[in-house]
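Chemist: If you read the sequences in order, they're chains V and G.
Note that the first sequence ends on residue 557 in the working numbering; no numbers are left out.
Note that the second sequence ends on residue 419 in the working numbering; no numbers are left out.
Hints are computed from structural coordinates only; laboratory data are not their basis.
Each residue gets a CB set at the ideal place from its N, CA and C atoms; glycine is no exception.
A few of these clues could be false.
Said to hold, decoys possible - What follows is a list of derived Cβ distance ranges for each label pair:
no., chain 1, residue 1, chain 2, residue 2, range
1, G, GLU105, V, GLU379, 30 to 40 Å
2, V, GLU162, G, ASP372, 31 to 41 Å
3, V, GLU229, G, GLN403, 42 to 52 Å
4, G, ASP372, V, GLU379, 31 to 41 Å
5, G, LYS76, V, GLU379, 52 to 62 Å
6, G, LYS76, V, ARG424, 20 to 30 Å
7, G, LYS62, V, LYS114, 35 to 45 Å
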Amino acid sequence: MIKKFAWGAFAAAVAFSFVTPQTASAQSAQDLINDGSDPTSILTYGMGYGQTRHSAMNAINLDNVSRLRPEWTYSLADSRGQETFPMIHDGKMYVTTHAATMALDLATGMQVWKTIVEYPAETPRVACCGIVNRGVALYEGKVFRTTLDAHVVALDAATGAEVWRTKSIDFKDGYSMTVAPLIADGVLITGISGGEYGIRGYIEGYDPNTGERLWRTYTIPAPGEPGSETWKDGGDAWKRGGGPAWLTGSYDAELNTVYWGTGNPSSWNAGLRPGDNLYASSILALDPKTGAMKWHYQTTPNDPFDYDTTNELVHAEIDGRKVIMQANRNGFFYILDRETGELVAAPKFIDKVNWADSIDLTTGRPVETEVATKARAGEEVNYWPSALGGKNWSPMAYNPNTNTVFANTNVIGMNYKAVEPQYRPGVFYFGAEFSWDWPEGDRGELRAFDPVTGELKWKDGVAIPRYSGVLSTDGGLVFTGNMTGDFEAFNAETGEKVWSYNTGSGIVGQPVTWERDGKQYVTIANGVGAVYTLFSGDERLASVPTGGNIWTFSVVE
Amino acid sequence: MIARTARILCAMLVLFGAPVFADDAAIFKKAESTYKMFCAHCHGPKMVNPGTSSFDLRKWPKDNKEGFATSVLKGKGDMPAWGDILLPEELDLLWHYVKTRAGKEPEPFDSSQAVPPPQKDTPIEQAKAQLKTPGTLTACLAKNGGVMSSRRATGGAGMDYEVAAALAAELDMPLDVRWFESEQEEESTPIREIYALLAYEVCDIVPGFALYETSLSAFYQTRAALPRWDTKPDHLGMEFQVDLEPISVTDPYARMEMGVVYRTADLDRSIEKIADMEGLKIGVEQGTLAGVLTLRQGTEAMALDAVTLNPGPDFLWEMEQGSFDAALVTVGAYDFHKKQNFISTLALDEYRHPLGFNISVAMLGRKKAMRDVFDPAIARMIEDGTLQDLADKSQYTYAKPRQPWVQAHLTMQTIISMR
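With the rest of the complex left out, here is chain G (with noise of 0.2 Å):
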């Protein structure tokens, strides 16, 4: 299980430009064979075809890997679809083989793998080899991360502050902290500037990290710019770009979801879909997926009748002061308002809305040796309960991540159907 999550992220993250296979030849017989079971007895042998009964793939650009994935996973005029069967590291090895030509081209130069891999032995040594700062884990985390990260006198608290202090002790090493805050700039966004973070290497990890396609493209707009942290240089001033990096992930350990949170007195019922909320006076945080998820698969009665607000902190005490009876909210803001409001008279559903983000840790894609030591931790730290017992201290509603790992690209046809 462990080695098959591994794998998915690894395939995750080489169609969107992480560099994971160190041995070409053992990967070109791979995807050689990965070919021929899916694709030569359309596409030919070796790619060789006459172009008329099926596309000539010897034409695809070996810049577009994204319009690549659609077409397999999804299908392309006589092509079937083959997103339910494929494994995701069969897709990065036909991408493989088809932006090799066969094997019969040099891959297209990418400047990450032109860094030698690190010659160190064991996982750990050669995790320890690529640190910023020798003998110490640098994360970054979120000054303003409500139950995930929050920071303290001395050290942090929340749950991704918990994470990254136990992925130190797997290093044995001690855990050091840049505590930033997004700048909330037109251009910028909380994505891109992880990536940035990462790229002039404010930090080692970034805990929190929520995986969804466009969380793992950003790369492709090569440079952001960088949010304010606590020891950032004065020079460093908001028109100062990062050449951005591709970044690697490791297996996700908790999920972020959506429930339902209602004021004790009121829920009469119980939910199994947005719609059954019909009846109650709905709040809606607006420009939230939330908020957008519950004016889309409520009722229209339920629509009509909803008290609209702005996101943030207010949302809920509005809820508490009675302004409506219920709304939909990510877990995490009700954690929130729960630990801040302690006599709060607001509970929380079991029901959970099916769409939800996994979060894991990013760094940089060089650096992914990080992973080999912190995938196996996460692993044993669901299945043994740190984890559970983190978020408790954290007072954090621990949902453990579920598949697939990687949320796809929300379209409004997702938003609408996925109830």
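Okay, chain V solo, but in the shape it has when bound (with noise of 0.2 Å):
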């Protein structure tokens, strides 16, 4: 009880300090910058530049957990999968679907405003994995968003209206935008989606004020620009080379850089592209005014099986030293200095991985298995982890407390052979034919562990993957949702499923945690659908209904 007094306290304090120099709804590279301190806003993705997900609020327990119920619910009015992530500022919360943006009351849930999104009807055929909208970047009064026809959109946080929307590139050439925009050094920084459809991969720095682009760094290099000797060999392979950058970087403002991760190089036929393929399935530290790379760290050369590098690159302090973390697609666990660049630890976060034994520390590159070899050489082989990945985009919690990850798995492996892909703008560049190889048992698990050692802590087994970010807090608590609709928590040390709640449709949104007059809330979207659901064809979730709604849920008395 007295701790929730001081919550409130500090959070009247941060109110008033809004209101004096700015306008209410001003928010300045420094706020940005302090993120994850103030419990009464989220201002940048993963609640904090560093994306750790973890909130040391604790108002909402062990103790009290059971009695978490919901406070309010909006509709999102729409049936695809919802996978945004919910922003809050000045009293309101801003949440997108692919079809509009939203500005919520945060005591009411009630709409304040909403912006329609349109875009062409054919759109939907450049989206691989879900017609998704991850959320909104805000700053100096903004909202930011990008929409599935690779536009880069900016409203009026206060009514909504469109204040500039710049075209990144013709979508009918299969590239698209899902990703949630990142502010920057007063830059907007977005990622390009397609890495199905023979694209040549980006990411691009815009000026928030007038949406003129001021950069675009292309992931995969063109003759002659550094990097471009690891595609010598292909021909013209990198001109449709992928490389997408589909998910929302991470930013340092010491070093003024920002982490962007990269998809696989296309197609997969990874015979036909000789060589590592460099920046595709990378990890990229940019300087967020001009683009230019400071250093690069590739996880899967020449990478035959979709492993992209595109997952959340969280921000630790590992003995002393400042670093990146990410939970790839490929089963390993990367952890990199983050000035350098250099590997500092890359144990495997799964169980099964069968590509590759381990990745040198020394050369930094993978010690791959005849597995490897055999799919460069068009052979059919059985792969772990699957094209899902050990890992998929739904982003990992860090609790740089008791140094823990919690993140959600896949147990998932793939029959594969590469064949000759075909071309055509807008249409899939697979070049291999797959299928899932399914476990008997789980095909999911919520996995907490060590980072550096990968050493398991405990891990809850679900039927169907979870598909859901995860949130762990100084309540003692982890929060994920699935796919059958499921808003659980659980005991953070323990692995102890807590409490759970049925939303009504499976859950592959975010879970966030904030606070409003001195209490403390949880909110996570719900709305089934996405990758997992398309691509997997799971017939047990024919009794989960698509419908997205945002839910906001607080303890009871």
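Using the hints, build the complex out of the two chains.
Modeler: Written as structure tokens, this is what we have:
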């Protein structure tokens, strides 16, 4: 109880500080840097530039979580998968679907404004893995988002009126955008999707005031550019070389560096693009003002397996060293020095990985098995983890106090054979025949593990894998959602499920926690859909209806 | 190009009923990879999905190809339209995949597939084996077809007649013609009559077959009456109905177009659209497509001042006599008028309305081996100018076929917007 009042006082103080020097809806670069320290707002994707998704709030805790109940719900009026990351500022929550951007009253969940996103009806063709949007960025009174047809849009945070709209590229060539933008050093940064459509990936910087594009850094170099030597034997393959950048990067303000992951090289047929294929399946360190590359680290050179390296790059300090951490699709957990890109550790974070034995910490390269060799040679192979990855996009949480990662992982393999790809603009460019190799039992596990050693602390298996984000709190809780609709809380130490509530549709959203008037809330979007639902054909989901809502919970007395 | 053209036509025909593929395993493999490329990521591997986020295709009725095609090409609900990107043969492969339930169930019974395919070696041998009268190619031609076909004391004349003769020559055979005449019955349409002529095997081929969506789907009206033809037996009365069969068509060899005819003194402008005729006294051929287009796409002033007349040869004669100054008509009608009135003062402007119909040769679906001979021949005759020469000989203003080969079903929307 005492703690709660303390938070309230702090919140009030912060609220006042907003009112005085700036307009009520402004949020400065400094606010963004400080995000995570102020529980009354959520200004950055992942709850802080370091995307730890860990909150120091503990008003909701092991003692009272059983009394967690819905406070309000808001219908997204949409039947697609809902992956939006809710942002909070100045009494409003900002959420998205592929089809609209909305501002909600934080107290009641009532809609303040809703701005429809118009895009051509053909656009969903180029969205491989779900008609989704992952949320907004907030900066100086504006709300920024991307659209499925590859536009970047700025709205007035107060009214929802469009301020500017810039076309990034023609979606008909296979490009799309689902990413929540990032504001870093006053630049609006976005990444492109379309790794399965023969695109040439890129990351872009825009002027948040005007929508003018400031830079575009291709993730696949043209001949003569640095890195092009890793494509030189592939002919024109680089032109359709993939390397999308479809998840939001993180930002270190002190180093003034943005960290952004890139997706698989394309087509999947690695034999047609001999070489490492930089900068696909890589982690890039960029200068936010220019897009210039400071360093790069490639996780899966000459990737044949669709091992995107787009997953979130979580900041941590390990033995006094600033690092980024990533649970890669390929089954290894990468820890890199944030300043130099040097590999610090790369344990396996799931049980079954058969394409590589380990990552060589000296060379930074995988020690591959014959599965990888055979796959490149065009032989039929069974590889683990599948293209869905040891972990897919759904973001993990990291509790720095206990040095524990909480991540939703997959237990799925794949039967795979590379074939000659057929390129046609806007159509799948796989270059591989594949089918899933389902395990006998659980297809998913929520795993708690040590990032440096990969040592498992606990796991919670689930028949249908979870594709929701994870949230960790100092209340000793880990929140996530499952595909059949349960919003769940686990004991962070033991993995015991301590609470769950069925929301009526499957959850693939991102949980957040926040505070208002001294009270802690937890919010998640439900709405089943997206990559697993679409690709798996899992008929056990037949009784899980679609339809998205924003659910906000609090503890009842 | 030729192969592509043939494929597209094959595809259209599979869609509308004619069997094309022989090798089931090969088709299935293609169908499967097409499904994976376009559909699997929403409709699930092997069409297995929960049916919540996307439609469960296992529930799609096996007899509703047309609905399937519409949903795929134009989109439905959350599904995007694929019409501008999907190749026609891919649509057919997808339908094959869906109707066989991802290859798990046999294809629904189709009587035309029960006929064993011919075992002859070369395309010509296979084609010859399918003729109704061995050693002769028999064509049905309209007796009163203007510059396209007309009967002569010996043989015939007109573009369609010449094409039929050229195709017979490809088979190294004489041409025999059955001259038919539409019955103009209420329930009869020229298209159904052609289906009936083919199904009753009055002839092997019917040239002059206009390619539009409905003309290829008339098969679904399962019975139709026969028109009259020159050697029609007396016992086949008007009430006699023929069970229809799927048909097949060759690549188109010409295009039926509409143009603006004017009196040589009166055209003081260049015409780029129908509305450009404003200010001229306009003639409207009642109840024809050209007439509808004139009224729908012309200006209000034009319509108010227009002279509306019954269709037929008299229409252009009225213009010759000064009843009006200009009109949109089919180019063939103008050709026929010129042919019959060689001192005519009418002229045909260069403008052509974008809406037109490609003309091909129809045959029974199970006799499609002929197509393997005719398609390359048609392509060659377009290329080397033979068809242009035959048209000149027939006094027919020749237009080459244009994509799309098959005109989609005409809606009021098309009629208003296609200008």
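Chemist: Are the hints correct? Go through all of them and say.
Modeler: Right, here's what the structure says about each hint:
no.	hint	verdict
1	G:GLU105 to V:GLU379: 30 to 40 Å	holds (32 Å)
2	V:GLU162 to G:ASP372: 31 to 41 Å	violated (58 Å)
3	V:GLU229 to G:GLN403: 42 to 52 Å	holds (44 Å)
4	G:ASP372 to V:GLU379: 31 to 41 Å	holds (39 Å)
5	G:LYS76 to V:GLU379: 52 to 62 Å	violated (40 Å)
6	G:LYS76 to V:ARG424: 20 to 30 Å	holds (23 Å)
7	G:LYS62 to V:LYS114: 35 to 45 Å	holds (42 Å)
Comparing the model with each earlier hint shows violations of hints 2, 5; every other hint is respected.
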